[in-house]
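2 protein chains.
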Amino acid sequence: MYYAGVDIGGKNIKMGIVDDFGSVVYSMTYKTQYERGYDAILLELISNVKQMCSEAGFDFEELCGIGIGVPGIVNSGAGLVMSCANLNWKGVDLAGDVTNLTGRPCRVCNDANCAALGEQRFGSGKNFKNIVFITLGTGIGSGIIIDGKLFEGLGCAGAEAGHMGIMVESEDKCRCGNKGCWEDYISAQAFVAQTEAAIRQNPNGILADICKDGISGKSAFIAAKQGDTVAKGVIDKYIGYVTYGLISLTNILHPQAFVLGGGIANEGATLILPIKSMLNDYIDNNGFYPYVDVVGASLGNDAGFMGAAALVM
Amino acid sequence: MYYAGVDIGGKNIKMGIVDDFGSVVYSMTYKTQYERGYDAILLELISNVKQMCSEAGFDFEELCGIGIGVPGIVNSGAGLVMSCANLNWKGVDLAGDVTNLTGRPCRVCNDANCAALGEQRFGSGKNFKNIVFITLGTGIGSGIIIDGKLFEGLGCAGAEAGHMGIMVESEDKCRCGNKGCWEDYISAQAFVAQTEAAIRQNPNGILADICKDGISGKSAFIAAKQGDTVAKGVIDKYIGYVTYGLISLTNILHPQAFVLGGGIANEGATLILPIKSMLNDYIDNNGFYPYVDVVGASLGNDAGFMGAAALVM
Numbered sequence: 283m284y285y286a287g288v289d290i291g292g293k294n295i296k297m298g299i300v301d302d303f304g305s306v307v308y309s310m311t312y313k314t315q316y317e318r319g320y321d322a323i324l325l326e327l328i329s330n331v332k333q334m335c336s337e338a339g340f341d342f343e344e345l346c347g348i349g350i351g352v353p354g355i356v357n358s359g360a361g362l363v364m365s366c367a368n369l370n371w372k373g374v375d376l377a378g379d380v381t382n383l384t385g386r387p388c389r390v391c392n393d394a395n396c397a398a399l400g401e402q403r404f405g406s407g408k409n410f411k412n413i414v415f416i417t418l419g420t421g422i423g424s425g426i427i428i429d430g431k432l433f434e435g436l437g438c439a440g441a442e443a444g445h446m447g448i449m450v451e452s453e454d455k456c457r458c459g460n461k462g463c464w465e466d467y468i469s470a471q472a473f474v475a476q477t478e479a480a481i482r483q484n485p486n487g488i489l490a491d492i493c494k495d496g497i498s499g500k501s502a503f504i505a506a507k508q509g510d511t512v513a514k515g516v517i518d519k520y521i522g523y524v525t526y527g528l529i530s531l532t533n534i535l536h537p538q539a540f541v542l543g544g545g546i547a548n549e550g551a552t553l554i555l556p557i558k559s560m561l562n563d564y565i566d567n568n569g570f571y572p573y574v575d576v577v578g579a580s581l582g583n584d585a586g587f588m589g590a591a592a593l594v595m
Numbered sequence: 283m284y285y286a287g288v289d290i291g292g293k294n295i296k297m298g299i300v301d302d303f304g305s306v307v308y309s310m311t312y313k314t315q316y317e318r319g320y321d322a323i324l325l326e327l328i329s330n331v332k333q334m335c336s337e338a339g340f341d342f343e344e345l346c347g348i349g350i351g352v353p354g355i356v357n358s359g360a361g362l363v364m365s366c367a368n369l370n371w372k373g374v375d376l377a378g379d380v381t382n383l384t385g386r387p388c389r390v391c392n393d394a395n396c397a398a399l400g401e402q403r404f405g406s407g408k409n410f411k412n413i414v415f416i417t418l419g420t421g422i423g424s425g426i427i428i429d430g431k432l433f434e435g436l437g438c439a440g441a442e443a444g445h446m447g448i449m450v451e452s453e454d455k456c457r458c459g460n461k462g463c464w465e466d467y468i469s470a471q472a473f474v475a476q477t478e479a480a481i482r483q484n485p486n487g488i489l490a491d492i493c494k495d496g497i498s499g500k501s502a503f504i505a506a507k508q509g510d511t512v513a514k515g516v517i518d519k520y521i522g523y524v525t526y527g528l529i530s531l532t533n534i535l536h537p538q539a540f541v542l543g544g545g546i547a548n549e550g551a552t553l554i555l556p557i558k559s560m561l562n563d564y565i566d567n568n569g570f571y572p573y574v575d576v577v578g579a580s581l582g583n584d585a586g587f588m589g590a591a592a593l594v595m
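The listed protein sequences correspond, in order, to chains A and B. Mind the numbering: the first sequence is residues 283 to 595 in the working numbering, read in order. Mind the numbering: the second sequence is residues 283 to 595 in the working numbering, read in order.
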């Protein structure tokens, strides 16, 4: 059986047809052009899903359902997008509209939750029924899977681990209104700021040299590979911040595994092994609690639409 | 139908017979005397449960089951007490032993989880299916109820919200091996230390006067009622610490309500109303997420055995 998954982003819409085994039989990506407004995006989305079915060689009527991930506040039970700043949507009945226009079942969910579900069903998390997925990207996305099912909290307002507070004495307000949020320490933006601060204090080393023409989330990793101790210090501190939050999530949820995605997680073992080791050293302290795995996400940008498809499986 | 609930503490064992409606038809409390060792405690426990049935006027054979809360690390799925420092138990098959000796079904769980279940079934949380229960006592106990069921995490190692880290730059190690744990800011012990620190800085005020003969978790509340601004400052800061953790838990779990128990929560509205208001001011920030209630626990020391009884309902 076939399912359509759609991942609506601020810039691109990625969609695919997925079968029960998680094989992507067809996929496509196109520009969101959010300025067009909701109706135009909706109609093109439906037309493209129909086209994918035809390209994949089956009738649209055979499609079992359409799942959609949206980068905003979504009430997935009601199928409503409450608010999506990137697309300028507010209170739209996306699931209802898709079903009315197509006759196919539709479910809508927050995009990070979709990606979490995608990784748990078809990616790095597929050996586990209980995972927490964290994206180390521009912002911090997160998703919680308990017993193989998305856990979203009341009004789908949970699973926002990026806004866990990790620094109660901080004076810096987060965009969410809290202070000292995890996101403000572990987002790609925060990591770049930490790299910049290290360069200001050490303006003549390898790291400063590498960043002469611009700093990115990769700069410190490149410098560290060249033996730069300043860069290594930046990375170690960052790893400490990530692990500190994972320890909290372990104490609250104790999942089987954390799946780390997003740009910075692409650094792979350099980043993930020390986090896994610090986390499990902590867990070992009391000697009775089970080991928690830490793995990199494996589906990349496909996690979102694959998880969206899983919403209707 | 009747169920026995047992709450084993380091000092006292409290037990009762509870019916399906949460009415306690008989209860008793006696000294644990943990030095006697596991076997003696086990045999007396069974004998007392039998006695309660007889006092309550029904045959022990009619008892539907026995639930037991233990202050330690419990694998509730297996019925094993992995470790309990207060009782000096390690790896005992409590549920198996009770069932073998009595023929009645038995389930065992961590005591804070039992108390959480008790409050959700029969206490302040009974209007909610999703709560987080926090005890502001000597240590911080916590329990998570999702869809009316205890959530314990892998190996029952979750629901330890007291060891959420809220101060990543802290140098103070917690007993768990982490640093800057929530418990170290909001336990009764921490609150007393915060009161002491305020007195050292203000040795001549009302608060200092009240504490001349000893400080407790109540001292600051007594002084604040007399208009002391130093004490009010201590309480405000403490309320900030509590709320900071509740904000994190809201972002992760978004329950319908937090139920606060333990000694400090006995201060009632003085403590709970400002926490509720701060938490919901934060939630209101984004305008789409649902209100979270904050209520005081209502079962006091009975929550543990009542929740233990609920384990076998």
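It is possible that part of the hints are untrue.
Below, a list of computed lysine-lysine pairs in the DSSO-like style, where the Cα atoms sit at most 30 angstroms apart [claimed, not checked]: (1) B:519 / A:455; (2) A:332 / A:293; (3) A:514 / B:514; (4) A:461 / B:372; (5) B:500 / B:461; (6) A:455 / B:372; (7) A:372 / B:372; (8) A:411 / B:332; (9) A:293 / A:313; (10) B:372 / A:519; (11) B:332 / B:455; (12) A:431 / B:408; (13) B:332 / A:461; (14) A:461 / B:514; (15) A:455 / A:293; (16) B:514 / A:408; (17) A:461 / B:461; (18) B:408 / A:519; (19) B:455 / A:461; (20) B:519 / A:431; (21) B:461 / A:455; (22) B:411 / A:431; (23) A:455 / B:408; (24) A:514 / B:455; (25) A:519 / A:461; (26) B:519 / A:519; (27) B:461 / A:500; (28) B:455 / B:500; (29) A:411 / B:519; (30) B:500 / A:411.
A few chain B residues that don't get close to chain A, going by computed Cβ distances all over 10 angstroms [to be verified]: (31) 310; (32) 386; (33) 434; (34) 440; (35) 441; (36) 529; (37) 565.
Below, a sample of chain B positions facing chain A; criterion: calculated Cβ distance under 8 angstroms [stated by the list, open to error]: (38) 448; (39) 521; (40) 523.
The hints are simulated quantities; they were obtained by calculation from the structure and are not laboratory data. These numbers were taken from a predicted model, which means no experiment stands behind them. The beta-carbon is built from N, C-alpha and C at its ideal position, and this holds for glycine as well.
Violating hint indices (sorted, rising): 3, 4, 6, 7, 8, 10, 11, 13, 16, 18, 20, 23, 29, 30, 33, 34, 35, 36, 37, 39
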